[in-house]
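Heads up: the protein sequence lines correspond to chains A and B, in order. For the first sequence, the working numbering assigns the number 1 to the initial residue and increments by one for each residue that follows. For the second sequence, the working numbering assigns the number 1001 to the initial residue and increments by one for each residue that follows.
If you are wondering where the hints come from, they were derived from the structure by calculation, not from laboratory data. Source: prediction; values computed, not measured. Heads up, some of the hints might be wrong.
Residues from chain B that face chain A, not an exhaustive set, calculated with beta carbons under 8 angstroms [said to hold, decoys possible]:
hint, residue
1, Val1088
2, Pro1121
3, Val1124
4, Ile1125
5, Thr1129
6, Val1132
7, Ile1136
8, Gly1253
9, Phe1294
10, Ala1302
11, Ile1304
Quick reminder that beta carbons are idealized off the backbone N, C-alpha and C, glycines included.
Residue-level listing of the chains:
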Amino acid sequence: MTAPATTVVSTGTPAHAHPFWRRALITREAAIIALLVLVIVYSIATVPAFGSPLTLTYLLRDIAPILLIALPMTLIIVTEEIDLSVASILGLSSVLTGVLTQAGAPFPVAALVAIVAGAVCGVINGFLVTVVGLPSLAVTIGTLALFRGIAVGLLGTTAITEFPEEWTDLAKALIPGTPIPVIMIPFVVLAIVFAILLHFTPFGRALYAIGLSKEAAHFSGIDVAKTKFTLFVLSGAVSGLAGVYFTLLYSNARGDNATGMELQVIAAVLLGGVSIFGGRGALHGVIAGVLLIGTLGSALRLAGISGEVINIITGVLLILSVVSAAVLAWARGRRISRIGRRRLRTARAAAPTP
Amino acid sequence: MRLAKTLFTARETGILLALILVIVAATVANPSFVFSGDGWRDLLLTPSLLLLVAVGQAVVIITRNVDLSVGSVVGLTAYLTGRLFIDVPGIPAIAVFLAGGLLGAVLGLVNGALVAYAKVPALVITLGTMYVYRGINIAWTGSDRINASDLPKDFRGLGTGMILGLPYLTLIALAVLIIAAWYLHTRRSGRELYAIGSDPAAAHLYGLPVTRRILTAFVVSGALSGFAGVLFAARYGTVASNAGYGWELQAIGAAVIGGVAMAGGAGTVWGAAVGAFLLLTINRALPIIGIDDFWQQAVVGALIIGAIVLDRVLAVRRHRKLIAEREDHR
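When you get a sec, could you build the whole thing from the sequences and use the hints?
Structural data, given as structure tokens:
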């Protein structure tokens, strides 16, 4: 005897409806990684000098700040918030590093102060978002201008270019025997920490719960405000760290350092499969997203195409990635409702007529 | 009496007072800030272009969306203006205005269609189109530049000329502002924009044409930015590939300072207009009051944060008052 139709029609795909390989491979993250591999293989085959170790060195050096900031940004966007002020915090941290070094402070002290200042910026964002209760988009547009304004105000149009050589050398150094810059070591450590935090701790799982439904998360005992506050402070501190690195890499502390980088970071995070609606996304996809944008830019530059074309490609990729997600969700909804209708029909046909 | 009370308690009045305060302070420090031909002209002229963009931005923000691509649209249309005058000798200025507005409207339509049909947040879509439009602009312009000598004299005169002590640009901006304010305040479709911004789901259930209205809002924002691009060329004469860079944040800042809530459904274009005036007047007033103008961006940021905190405090107080009234009536 067939069960009544109402219990047969399911509205979603159960978690284990498909075999493991299918669940692991047919995802947004896998698609981005595949695209990244494709771009790398194609570039090595067609762009002269792309395969050289030097390209890898410069590529990783230049995108390291974006890689670093993308880690906390992922966590923030998963909770359905956003932080547009990261590049301004980077600029402020860079200026502070420069000003303090010029004033005669030992470099480690200057760097530490800059990172703490970044964390303080994060505290301001977090306070306005969680305690005052303002939308993070509006808050961080404001602090985007405020922090950048302080950075520019402190230094004006001058630049500080004198830094202890042992530190600038360290920022440019390579891991012995490889073309990989040393900055990748702290990045990998941070990436592992963030990945464990996001994917394997109650704190991280709570972020997804908050992103999917703030109220439900609150009622299940998650301290939503404290969690978000922590994320903004983390984001500020990492942006501060990126600012110190940026200063050393280019031996240059200026108020307008990394202007506009917040948009590159957000573009990369969204490209990596994190949903702007919160509650969806994974770190490996984000890292692949950053690398994809960086690789495309590097390959195009080497191929002699104007670096600005990368803007168009970044924009198109970003739009395609969100629109395709919407189209896929729509198609999936139709498919499921079709399955539902079919099951309903078979159930009706099998049911004995009264 | 009621009118007086409305005027006195309006959110826009506070910003207007702040604007007057800034102007007075700067004039006391240096009378030529207002009482000189150039000072008076710059006071009115400088914010007029941003006013156009901010009005469009306010219309979009009222529907609970945001348009980050406006700066890139200004850049593209400003360059288009120069190219038209160079490539089509003798083209009438009115045709250039139409072309600029049309290009802006088409770019806005692309934004609106992606937002309204794909149901993707405007923040992401317009972040993408901001890159794309700017990229197209740079690819098209390259290191080329439009110079003042490329533009007809009459057209340049439009950017700097005055009538009855008021610059043409300011009059154009005021006309647009009045039409937009009238439309939003009195027209049914204008009120529907507020309804959509307050609660998109309720607006949809109520049967409002949500998709079409959002599309319209983006087309308006694009067209006004396009218009501002043409006037940019008239005002400054030189147009490089970075024209309008960063205007999106200034326009959003102007709207937010003027009381347009990012959460949608609240605020007026009047507020956005006063916000635009306040932002750019502060920029010019700072050096006169004796503050290094490097600090202007920090002031802008502090203003934006101050404005949204103020709005939040007012909203919380209103909410408490309403609850108290409800308890009283029981």
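Comparing the hints with the structure gives:
1. Val1088: Violated. Min distance 26 angstroms.
2. Pro1121: Constraint on Pro1121 (chain B) satisfied, holds at 5 angstroms.
3. Val1124: holds, 5 angstroms
4. Ile1125: holds, 6 angstroms
5. Thr1129: Holds. Min distance 6 angstroms.
6. Val1132: holds, 4 angstroms
7. Ile1136: With a minimum Cβ separation of about 6 angstroms from chain A (threshold 8 angstroms), the hint on Ile1136 (chain B) holds.
8. Gly1253: holds, 7 angstroms
9. Phe1294: Holds. Min distance 5 angstroms.
10. Ala1302: Holds: closest Cβ of chain A sits about 6 angstroms from Ala1302 (chain B), inside 8 angstroms.
11. Ile1304: holds, 4 angstroms
Of the numbered hints given earlier, the model fails hint 1 alone.
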